[in-house]
Amino acid sequence: MPYILKDSFLSMVLSVVGIILLGSVPYMFSGMTFNTSGYLDGITEMFRVMLNPEEIMYFAESGPYPLFPSMWGIYGYSVTILFAAFFIAIIVALLFALFIFMLPSSLKNRIRVFSFVFESIPDVLIAIGIQFFIVWFFKKTNILLFQIVSLYDQKTYFVPILCLTILPTFLILRILLLNIEEEYGKLYVDTARSKGMGRFRILWRHVLPNTLLSVFHQSRNILWFMLSNLLMIEFLFNIYGITSLIRTSGNPAVFTISMLLLFVPMFLFFTLLRVITFKWVGEK
Amino acid sequence: MIKNIWKDPFFIVGFLFVFGLLIASFYHEIVLDNEIYEEQYIHDEEGMPKEKAPFEPSSLYWFGSDRMGADLFSQIISGAKYTIGIALVVSLLRVGLSFIGSFLLWRAGRVMPFIKGLSQSFYYIPSALLIFFIVGPIIQLENYTFWEKAFFEMLLIIAIAVPNTSILIKEEINLIEKEEFITSAKLMGGSRVRILSKHILPHLWPKLLLIYVQQVIAVLLLLAHLGILGVFFGGTTMREFTTEYEIPVSDSNEWSGLIGGYYYQLRLAPWLVFFPVFSFAAVILAFNFMGEGIKRSVNKLPIPKKVKSKGERKPNISLVEKNSFVFLSRKKTG
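Sequence lines, in order, name chains P and G. Using the numbering used here, you'd call the opening residue of the first sequence number 1395 and step up by one each time. Using the numbering used here, you'd call the opening residue of the second sequence number 34 and step up by one each time.
Treat the hints with care, since some could be wrong.
As the list claims (entries may be wrong) - Here are the simulated BS3-like cross-link-like pairs (lysine-lysine), alpha carbons at most 25 Å apart as the crow flies:
{"hint": "1", "chain 1": "G", "residue 1": "328", "chain 2": "P", "residue 2": "1580"}
{"hint": "2", "chain 1": "G", "residue 1": "328", "chain 2": "P", "residue 2": "1502"}
{"hint": "3", "chain 1": "G", "residue 1": "149", "chain 2": "P", "residue 2": "1400"}
{"hint": "4", "chain 1": "G", "residue 1": "211", "chain 2": "G", "residue 2": "328"}
{"hint": "5", "chain 1": "G", "residue 1": "40", "chain 2": "G", "residue 2": "328"}
{"hint": "6", "chain 1": "G", "residue 1": "211", "chain 2": "P", "residue 2": "1580"}
{"hint": "7", "chain 1": "G", "residue 1": "211", "chain 2": "G", "residue 2": "149"}
{"hint": "8", "chain 1": "G", "residue 1": "240", "chain 2": "G", "residue 2": "219"}
No lab work stands behind these hints: they were computed from the structure.
Whole structure, please, built from the sequences with the hints as guidance.
Right, here's the structure in full:
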């Protein structure tokens, strides 16, 4: 346990430094030529600004505004969408995995191919597809299923979360299916079976917890993948979230502070997962 | 092993699709002289204009057309070589540089946790946003030529993936190093270079190939994202649409350029955005198939020579013929 906390702390400090280094990259180029001294100055400036975040100004059309506290609403919105989609994806993928597991194996293979094909679809296509479907449905039936485009003060949750959920669900489903199969080849399943345990009980009590571990291991990749999806969805649905803020402002300080703010909940989540897995299986 | 991939149906399907697309693209370039059918009006039998561009997808325009009346299908075929070419070259450089990087990291020792920690920060920033954020202001500058900008953007796309891919390859090397045959090779007195070249590398190639395919997919996705965001390759020229109204047109018909160029027509002519994105999806799917094929065939042992099935294994000569033996009692003696 102390090892985990120490290691997590180190990786947190390094990640924060890394994000600041990346955020200062625009100072590195003047035009297209490298400007090393400019970069170093930029980094020191960035560290200073990060310590005094209330100084950061945001330039809108009507003039500069301080970024805080108006940032919190935007930030909360994006984080809500991101994490809601992540947890819904895990739950839905789990349900699907359980359901698919109950199916006969010939159907199972077909579903596996289907989910493989589906997983390859880029997020952009899904977001555009859903948009068109809603517009088409509206034209045909005059029923607006969901508010597609959100205005500044009006926040839509359903459609963005739906879009953001689809791909991770397939990703997690594939990880789950692969690992369930792998776990079933292990000896403890045979032992449990020979003791007369039911099929579903073995799955629920023994196999599933172990496969969930593999999802936890992959969660960093999944969330990263979802971050790029979030960028696309905020752009396509015209949502004013954190990535739109960065895109429209183009200011290195805004970029860095947003990324740091986005980093905090993700990092806490990963650390929590590490602690949980440690308590669970004693794995560092 | 790695030669098996040519027998794997997944790999072959994916490969044939990409290869066919490239062939079609070069055929279009060389034989058809890169000509894109363009007609602003569709005429009826009497020669009267019936419809005005943009046309919806139909049997004449498979993927529809833009406002100039240029056929989108030919545009996509023509742009395929650039998009796929960029993805292939960029990922090759990514993997190549990471391969060199992984050797630098191989013996990094105590510095390693720090490098790893720093490169973790890439996991908290969407790569398309990072590129957009760095390239965005530079691309708007007027005093650079198109090629300089494209080159710069490509360098960035390569650079942002190198740290994490290096670590990935280094971890693969470490996994191979733990195998028993490496220990025995060391005990036998093999030098480091020899162990690396004769024992580690043969096992690393298939993994590198898989990483390469995964990088191609990542680059394609990134290109699609950058296309949507409007930071794109392909070069833009303003073309006169009506006398006082100009619209941006992609020079090379590169796909992310097509998406970016047509994005503002999303509501008016949705197919113009849909089909380039769809093409990205198809190529990504094909590369996913190739990756799956590699994964499946790497774990397999070399395919054994065909074993005859039970039916074939029966000897042709029937050993026991009906009249080859008779009971002694019936045998006529003497």
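These are the hints, each one checked on the structure:
no.	hint	verdict
1	328/G / 1580/P	holds, 22 Å
2	328/G / 1502/P	holds, 20 Å
3	149/G / 1400/P	holds, 15 Å
4	211/G / 328/G	holds, 21 Å
5	40/G / 328/G	holds, 13 Å
6	211/G / 1580/P	holds, 23 Å
7	211/G / 149/G	holds, 20 Å
8	240/G / 219/G	holds, 23 Å
The structure shown violates none of the earlier numbered hints.
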